[in-house]
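Asker: Sequence:
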Amino acid sequence: MIPNRKYKRQALRHFYYEKRISYDDQQQQQQQQWSCCNTLYDDKASLGRHIQAFHDQELIHLESQLANTDQQKKLNRLQSSPLTKRRSEKGTSDPIHIQCDCNQTEHRVILFYQYVQVDDPEAVAKLHVEKCGPAGWDLTGKVRIANEGLNVTLAGTMSSVDAYMDWYSHQLQQTLLSSGIGKSRDEFFKPSMGCRHVFSDNLSIKTVDEICPLRQSSITLHRLTQEDHQQHKLSPSEFHQMATKASEPQQQQQRQQSAATKQEMVLLDTRNYYESKIGQFKNSVTPPIRKFSVFPSYVDHHRQSLDGKTILTYCTGGIRCEKATAYLRQALSADTQIYMLDGGIHQYLNWVEQHPEVDPLWQGKNYVFDARQGMGLSQQSSSSIANSTNIISHCQECRKPWDTYQKCQSEHCHLLVLHCDTCRLNTNEVSFCCDDCQLGKHLTKNGGTGICACERTRKLQELEPMIEPSPIV
0 MIPNRKYKRQ ALRHFYYEKR ISYDDQQQQQ QQQWSCCNTL YDDKASLGRH IQAFHDQELI
60 HLESQLANTD QQKKLNRLQS SPLTKRRSEK GTSDPIHIQC DCNQTEHRVI LFYQYVQVDD
120 PEAVAKLHVE KCGPAGWDLT GKVRIANEGL NVTLAGTMSS VDAYMDWYSH QLQQTLLSSG
180 IGKSRDEFFK PSMGCRHVFS DNLSIKTVDE ICPLRQSSIT LHRLTQEDHQ QHKLSPSEFH
240 QMATKASEPQ QQQQRQQSAA TKQEMVLLDT RNYYESKIGQ FKNSVTPPIR KFSVFPSYVD
300 HHRQSLDGKT ILTYCTGGIR CEKATAYLRQ ALSADTQIYM LDGGIHQYLN WVEQHPEVDP
360 LWQGKNYVFD ARQGMGLSQQ SSSSIANSTN IISHCQECRK PWDTYQKCQS EHCHLLVLHC
420 DTCRLNTNEV SFCCDDCQLG KHLTKNGGTG ICACERTRKL QELEPMIEPS PIV
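0 is the number of the first residue of the sequence shown in numbering that gives the first Met the number 0; add one for each residue after it.
Some clues are possibly wrong.
[As the list claims (entries may be wrong)] Simulated DEER-style distance windows between Cβ atoms: (1) A122 <-> S216: 22 to 30 Å; (2) Q173 <-> T104: 30 to 38 Å; (3) Q353 <-> D42: 53 to 61 Å; (4) D334 <-> R184: 34 to 42 Å.
[As the list claims (entries may be wrong)] Each computed BS3-like pair below joins lysine-lysine, with the alpha-carbon atoms no more than 25 Å apart: (5) K232 <-> K290; (6) K406 <-> K458; (7) K5 <-> K141; (8) K18 <-> K5; (9) K399 <-> K281; (10) K182 <-> K141; (11) K205 <-> K290; (12) K182 <-> K130; (13) K406 <-> K290; (14) K125 <-> K141; (15) K281 <-> K458; (16) K18 <-> K7; (17) K205 <-> K125.
These are computed hints drawn from the structure, not numbers from a lab. Even glycine gets a Cβ: it sits at the ideal position worked out from N, Cα and C.
Working from the sequences, and respecting the hints, build out all of it.
Answerer: Have a look at this one:
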């Protein structure tokens with residue numbers, strides 16, 4: 000691996016430190032100079048020019064040493080950590096902002112899943128540590144492995160990501176005794192723009208009970224791989240055609256349907272509330288849930304509103320819809336027609352960009368679980384596409400259009416907050432999701448329940464009647 004700018008800066012700082020000398024001036028004030036090659040330098044700039052001119056090879060050698068030491072530390076940390084260890088310390092959460100000077104065109108992020116029998120998840124996890132760690136392709140991201148399959152999102156240079164995709168598509172499929180990934184490379188791995196820093200330069204590889212926790216023992220790998228389940232996946236074009244009907248004005252739908260006809264169409268978002276808040280399909284039902292494991296209880300509570308209807312489900316990349324549709328088939332009446340968007344929102348946005356003549360049903364950003372936060376349609380493809388990327392969410396303080404999240408900075412909260420830059424300046428760049436968090440009322444040490452006001456409100460919303468959504472304007 001070629002040392003990056005971080006190691007170059009570290010090497011230069013080390014060089015400056017080694018050449019530093021201190022002395023007291025006539026006023027007994029301590030001053031600094033730097034001595035190198037029998038010459039005194041009064042400032043770092045002149046010393047820097049000297050280093051670049053006469054010590055360039057020494058600097059490169061030091062950069063390599065620092066890089067190798069850092070890589071070894073990372074490798075030791077990965078190898079010594081249990082494969083079930085938490086990704087971050089308890090009470091903390093992943094960064095949601097990115098600051099780097101990487102050339103984004105030279106890097107990629109991939110996001111994919113595969114429901115496949117994994118007899119030895121720990122062995123596959125160790126293979127990923129070896130291949131993806133600092134001694135291998137030096138990727139960052141999150142890898143989750145269970146008996147039911149793999150859930151992976153990784154980032155790195157294009158060459159490293161390409162090497163991983165080659166390995167996964169061939170050698171690992173043979174190890175898993177799988178017939179293959181079953182799709183084109185782009186459809187399966189869903190590459191997008193982004194560098195290694197979207198995961199805060201970290202790699203987390205874990206063995207888990209479920210790669211997408213629904214906590215329903217009846218939803219097995221066998222059920223997810225049955226032919227009937229696979230047949231109810233819609234391509235982006237098929238989904239668009241069916242969803243267009245669901246997005247027609249309600250009066251027009253009523254004219255087209257008999258009053259006695261119960262069969263209606265529902266566009267059902269299976270993601271969490273903070274994801275749908277910044278982006279969703281027109282006229283979607285967006286459950287106010289915070290965790291996917293709550294989805295079954297939401298469906299159970301709203302069974303009467305869903306029974307007998309045609310339900311189109313969608314999520315980020317498809318992994319949640321696989322289990323969501325399986326549960327819907329189990330929980331709802333036999334005459335309910337249930338489909339999912341194959342490849343998720345990611346694949347739909349790619350399809351729209353390849354078909355600029357299409358009027359997109361998507362509005363806002365597709366939330367992603369890394370420091371990029373969200374990704375929308377290209378602003379340059381067409382006027383209709385540009386219009387579809389409008390901001391659909393608002394700053395919670397001033398209500399101006401805003402779709403960039405901050406984290407609530409109350410102890411142990413970390414809820415995502417839409418708080419615009421102007422309002423953050425007024426609060427010294429500190430964001431809270433509600434007054435409870437700002438004043439600490441909800442904390443158990445202050446006599447609270449541990450649940451803040453906005454969380455209590457959201458939990459109540461889970462129980463409210465499911466109503467047909469009105470179009471976003």
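Asker: State for each hint whether it applies.
Answerer: Results for each hint:
{"no.": "1", "hint": "A122 <-> S216: 22 to 30 Å", "result": "holds (24 Å)"}
{"no.": "2", "hint": "Q173 <-> T104: 30 to 38 Å", "result": "holds (33 Å)"}
{"no.": "3", "hint": "Q353 <-> D42: 53 to 61 Å", "result": "holds (55 Å)"}
{"no.": "4", "hint": "D334 <-> R184: 34 to 42 Å", "result": "holds (39 Å)"}
{"no.": "5", "hint": "K232 <-> K290", "result": "holds (23 Å)"}
{"no.": "6", "hint": "K406 <-> K458", "result": "holds (19 Å)"}
{"no.": "7", "hint": "K5 <-> K141", "result": "holds (23 Å)"}
{"no.": "8", "hint": "K18 <-> K5", "result": "holds (20 Å)"}
{"no.": "9", "hint": "K399 <-> K281", "result": "holds (21 Å)"}
{"no.": "10", "hint": "K182 <-> K141", "result": "holds (22 Å)"}
{"no.": "11", "hint": "K205 <-> K290", "result": "holds (19 Å)"}
{"no.": "12", "hint": "K182 <-> K130", "result": "holds (23 Å)"}
{"no.": "13", "hint": "K406 <-> K290", "result": "holds (17 Å)"}
{"no.": "14", "hint": "K125 <-> K141", "result": "holds (14 Å)"}
{"no.": "15", "hint": "K281 <-> K458", "result": "holds (24 Å)"}
{"no.": "16", "hint": "K18 <-> K7", "result": "holds (17 Å)"}
{"no.": "17", "hint": "K205 <-> K125", "result": "holds (9 Å)"}
Against the hints set out earlier in the document, no violation occurs for any number.
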